[in-house]
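Visitor: Residue numbers (the working numbering), protein chains in the order written: chain F, 18 to 99; chain R, 18 to 99; chain L, 18 to 99; chain C, 18 to 99; chain Y, 18 to 99.
Just so you know, nobody snuck in bad clues.
Identical chains blur together in the list; that is why a pair holds if it fits in one copy or across any two.
As a list, the in silico BS3-like pairs of lysine-lysine whose alpha-carbon atoms are at most 27 Å apart:
no.: 1; residue 1: K22; residue 2: K50
no.: 2; residue 1: K48; residue 2: K22
no.: 3; residue 1: K51; residue 2: K22
No lab work stands behind these hints, which were simulated from the structure alone.
The residues making up each chain are set out below.
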Amino acid sequence: MEIMKVLGRMVCTQRVAGLGHMNLRILENNKGKKLVAVDPVGAREGNWVFTSSGSAARFACPNPEVQTDLTIGGIIDYWEND
Amino acid sequence: MEIMKVLGRMVCTQRVAGLGHMNLRILENNKGKKLVAVDPVGAREGNWVFTSSGSAARFACPNPEVQTDLTIGGIIDYWEND
Amino acid sequence: MEIMKVLGRMVCTQRVAGLGHMNLRILENNKGKKLVAVDPVGAREGNWVFTSSGSAARFACPNPEVQTDLTIGGIIDYWEND
Amino acid sequence: MEIMKVLGRMVCTQRVAGLGHMNLRILENNKGKKLVAVDPVGAREGNWVFTSSGSAARFACPNPEVQTDLTIGGIIDYWEND
Amino acid sequence: MEIMKVLGRMVCTQRVAGLGHMNLRILENNKGKKLVAVDPVGAREGNWVFTSSGSAARFACPNPEVQTDLTIGGIIDYWEND
Chain F
18 MEIMKVLGRM VCTQRVAGLG HMNLRILENN KGKKLVAVDP VGAREGNWVF TSSGSAARFA
78 CPNPEVQTDL TIGGIIDYWE ND
Chain R
18 MEIMKVLGRM VCTQRVAGLG HMNLRILENN KGKKLVAVDP VGAREGNWVF TSSGSAARFA
78 CPNPEVQTDL TIGGIIDYWE ND
Chain L
18 MEIMKVLGRM VCTQRVAGLG HMNLRILENN KGKKLVAVDP VGAREGNWVF TSSGSAARFA
78 CPNPEVQTDL TIGGIIDYWE ND
Chain C
18 MEIMKVLGRM VCTQRVAGLG HMNLRILENN KGKKLVAVDP VGAREGNWVF TSSGSAARFA
78 CPNPEVQTDL TIGGIIDYWE ND
Chain Y
18 MEIMKVLGRM VCTQRVAGLG HMNLRILENN KGKKLVAVDP VGAREGNWVF TSSGSAARFA
78 CPNPEVQTDL TIGGIIDYWE ND
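Please build the complete structure, drawing on both the sequences and the hints.
Guide: Put into structure tokens, the structure is as follows:
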């Protein structure tokens, strides 16, 4: 799993049915790259989280056939970035 | 999911049966790399979209055994590139 | 899917049973890296092709349990490299 | 599988149900990047381990539908880093 | 599939049950990075091999639920490195 920071929400009204109404977050990884993740844990802006990618990202959702390749797995209690 | 920009269509008459007649788009990621994605949402040139990769890309298609590893998941309402 | 150029054939007599007698091609990606792909479409040296990776690579073969992680998905009609 | 070094434990009380109470470790790869992995072998700080990613990471756990994309596969008996 | 060189064996007595007694090899990719792979073909030090990653790596083993994400697929008859 990778460690990322939550930047904010993502607004995307036109999307595939496979994503349903799941919350999407914009995250930033340690190289400053912005990514989009499904959020089942309720992370907020500024939180440090860890994310699962690949097929593991789908198993974190109620429906494992959902179209996500990145899902927030948890909010880190304490993290000091390098 | 990654954030990419739609550059245009891709013409490819000679392809595997597993892709059927699905629309293919040429996308550009944040490093300027060009990639090919299946488009089930009808994105147009210049749109900012987010894409799912891996097995999630297949679940966005009617047939989850289709041969795609990159599928457009939605068109972003508003995006300002860095 | 990624865009690559076909460099030639690959000779490999000693290989796992899971690959059977499928044709193997040496491809070059946009960074000059050489990769090996299964070719079900009959691409020739100099062709520009797009490739599927991961589990999608397996679904392009008659047997989806074949041991490939990169398969040519189609030959691009026209491509002008940067 | 990749070779990584164990830096320590990771505290994360708020996480998805799919991870249960599995131990999480912070690892460092050869580029100095910190990653989070599930640890079923009991690795300790300073150990050199190898990790499996993707769907293989899930098959190392009792429940193959667990939400992990990185799992420690073993502790290396002897390793001298470059 | 990627092209790599076999550096030697890997000794790892403490490992997950999912890997059984399969032979592990240390490989080096074209960037000089060392990786660990399962070897079902009997490659020797100095051999050039190609490897399959992801779920394809598992299908090369007798048990497709084994915990490997990198498996040697074949020994290349002739290879001249750049």
